[in-house]
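Q: Line by line, the protein sequences are chains A and B. The C-terminal residue of the first sequence carries number 279 in UniProt numbering, and the numbering is unbroken. The C-terminal residue of the second sequence carries number 264 in UniProt numbering, and the numbering is unbroken.
Careful: at least some of the hints might be erroneous.
[To be verified] Interface residues of chain B toward chain A, partial, derived using beta-carbon atoms under 8 Å:
#1 Gln40
#2 Leu62
#3 Arg86
#4 Arg87
#5 Arg89
#6 Gln90
#7 Leu101
#8 Ser104
#9 Glu115
#10 Pro116
#11 Ala119
[Said to hold, decoys possible] Simulated DEER-style distance windows between Cβ atoms:
#12 B:Glu66 / A:Ala163: 24 to 30 Å
#13 B:Pro105 / A:Phe103: 21 to 27 Å
#14 B:Asn228 / A:Asp265: 48 to 54 Å
#15 B:Arg131 / A:Ile255: 57 to 63 Å
#16 B:Asp144 / A:Met251: 58 to 64 Å
#17 A:Ala132 / B:Glu66: 51 to 57 Å
#18 B:Glu134 / A:Ser80: 49 to 55 Å
#19 A:Phe23 / B:Asp91: 51 to 57 Å
#20 B:Tyr15 / A:Pro195: 47 to 53 Å
#21 A:Gly135 / B:Asp91: 40 to 46 Å
#22 A:Ala163 / B:Arg138: 32 to 38 Å
#23 B:Glu239 / A:Val198: 54 to 60 Å
Hints are computed from structural coordinates only; laboratory data are not their basis. For clarity, every value in this text was computed on a predicted model and none was experimentally measured. A virtual CB, placed ideally from N, CA and C, is assigned to each residue, including glycine.
One-letter residues, chain by chain:
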Amino acid sequence: MRGLHQRLGWPGAVSLALILIAFGMALLAPWVAPFPDQGAGAPSIATKFLPPSADHLLGTDHLGRDMVSRVIYGARVSLSSGLLIVAFSLLIGLPVGVLAGYFGGWLDEGLMRITDVFLAFPALLLAVLMAAALGPGLLNSIVAVAVTWWPWYARMARAEVLALRGQPYVEAAQLMGVGHPRIILRHILPAAVRPLSVQAALDVGPALLTASALSFLGLGVLPPTADWGQMVDAGRKFFPERWWYSAAPGMAVFILALAFSVLGDALRDRAGGRRDGSA
Amino acid sequence: MTKPLLEVRDLVVRYGSRGLFRGQPRPAVSGVSLSLAPGQTLGVVGESGSGKSSLLRAILRLVPSESGKVVLDGQDWLALSPRELRRARQDIGVVAQNPFLSLSPRMTIAEILAEPLLARQGLARRGLQDRAAELLSRCGLPADFLPRRARELSGGQAQRVAIARALALDPKLLVLDEPTSALDISVQAQILNFLSDLKAESGLSMLFVTHNLKVVAHISDHLVVMRNGEVLEQGTTAELMSAPRHDYTHRLFGFGMRARQTAV
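Isolated chain A (complex conformation) (with noise of 0.2 Å):
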């Protein structure tokens, strides 16, 4: 087997274990945060505002509270939402992509109509209204950028099932009497997945991005829950002087945000390959 650098190349494999680090430091979170209650929350008002140090590489924020630990805490609602919003995303349109993809006619025109609608408005704006409008919240900031993503899902699951009907053992299934829901689970679905789910894996990074743009706008999760957006806008008060608190979530943003999309470009990358038929 070939080395996992070269298949992907150098930086996406950086890209990939940066991205694998990410997740487990977000698991681990109270075993491997120096200071877990304070990743948690907890106060310590005696540390306010210490700047990077061997006891607080990061510093600490206006509660005092390790930035270390604060960053790590973020990771978890920052990656639970970006895989939340891909998820609520392909639970809406997965379905609606391949239902309209396979029976076609007034069906697929209708709901592709409304997946339009959804498309004709600015993704964040739309994120930004819906937020609003259902208020701050983890779940509720989930489902206002899930609300925006879904139809690109939508779209791009049509395409497949609309390539995949096309198949002669789809068909074949069909002239041999099999019914509509068994088609789709067994010959349609199985076939369209893969595609959609490398793509959905690489929106993760998109989307937690978009999360975090929302609790920037104070329309994400609250405090003292730590989320790198909110974190960012928090420490913007008390920029430049205590430049670390801010610096410190939004490079954690940066570099997730970077890895995935980095990795996303390795991974289309290698598909071309394959298309070319060089490998």
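Guided by the hints, dock chain B onto chain A, whose structure is given.
A: Just chain B, lined up with the frame of chain A:
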């Protein structure tokens, strides 16, 4: 004369034109009539673009027909509701051109052969494996193919699996759409012989569509020669082979040999 198993009368197939100001396109099938008696084999022959595939797809109701009638075993086939059609389709076995495309790449041979059985019986799973093995042996394949996938088989073996699947529900009619065109010459002969045996043993009625007249000549009782969506001539195989009325039919006999010369 006995009542025909399949009767097609004045069938017209026209693919819809898109756009408001486009004229109506020429029909792909314009007024084709043919009939197939039980236990007989009817060969439909024509070059690509002759409308033979459209005719077949219309008979199978994969594309809508504009007008005309298709009667299968006394049933007005084009009038069936989608629900009735689903049941009725189980009376027809279909073998497509390329077995590697018509057999799902994600399913084992056992699953592929179980699919038509499940479609008929709902979820009665008893005896599925035995029935699948029986079908395989009927088509000259060993039962240890069951856990394998189509891509692990040779073209001829895979096409036998496709035939086994088409026979799974004891169809009244076996429809073969260019069943040998994707196979090597030597394998083509094997499949054709196998189909002849099948016909002799079980008195199966077959509708055999191909561009290669020679392939279908030794298995068909009757032939229909199509060109430009119309039936050019039809009759018994012996008649057409000994005295083709049209030069086109004559040329179709030489298709395999002369294709290269005419192409240049």
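Q: What hints, given by number in increasing order, does this structure fail?
A: 1, 20, 21
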